[in-house]
Amino acid sequence: MYVVRNTFIAKPGHGSKLADLMSRVFAGKDNYRVMTDFVSDFNTVVMESTHASLADYEQTMADYASGKLEISDELKAEMKAYTSLWKTGKREVFKVVKG
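Read in order, the letters of the sequence shown correspond to residues 434 to 532 in our numbering.
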């Protein structure tokens, strides 16, 4: 099992917009969750997902890149501009060893 954590530092005033967008895109997917800062850098939005294997994660990324995500056309249009909501970010991949 792997945990993939995408951390974004949103532009001021855009953290809640980014969190809302991510929440709507991945609504109904049990292996995703979206979090915002409580005690952390300001404007932090984290999207975390779990995957059975790295191959599973790679397939998910390939599906996303090719537009195979099952989301509405409205959300697809919003996602085209999601990079305008954040300043910087990083991706971490962790292997679950216990839990």
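Hints may contain errors.
[As the list claims (entries may be wrong)] The following label-pair restraints were derived from C-beta to C-beta distances:
id, residue 1, residue 2, range
1, V472, A498, 29 to 37 Å
2, D463, G500, 32 to 40 Å
3, S486, G446, 20 to 28 Å
4, G461, T516, 36 to 44 Å
5, F475, E525, 30 to 38 Å
6, S505, F471, 16 to 24 Å
7, P445, A488, 34 to 42 Å
8, V472, G500, 19 to 27 Å
9, P445, A495, 15 to 23 Å
10, A488, K531, 29 to 37 Å
These are calculated hints, taken from the structure and not from any lab test.
Just so it is clear, CB atoms sit at the ideal spot from N, CA and C, and this is done for glycine as well.
Evaluation of the provided hints:
no. : hint                    : in the structure
1   : V472 x A498: 29 to 37 Å : holds (34 Å)
2   : D463 x G500: 32 to 40 Å : violated (22 Å)
3   : S486 x G446: 20 to 28 Å : violated (38 Å)
4   : G461 x T516: 36 to 44 Å : violated (24 Å)
5   : F475 x E525: 30 to 38 Å : violated (20 Å)
6   : S505 x F471: 16 to 24 Å : violated (30 Å)
7   : P445 x A488: 34 to 42 Å : holds (38 Å)
8   : V472 x G500: 19 to 27 Å : violated (37 Å)
9   : P445 x A495: 15 to 23 Å : violated (34 Å)
10  : A488 x K531: 29 to 37 Å : violated (22 Å)
Of the numbered hints listed earlier, those contradicted by the structure are 2, 3, 4, 5, 6, 8, 9 and 10.
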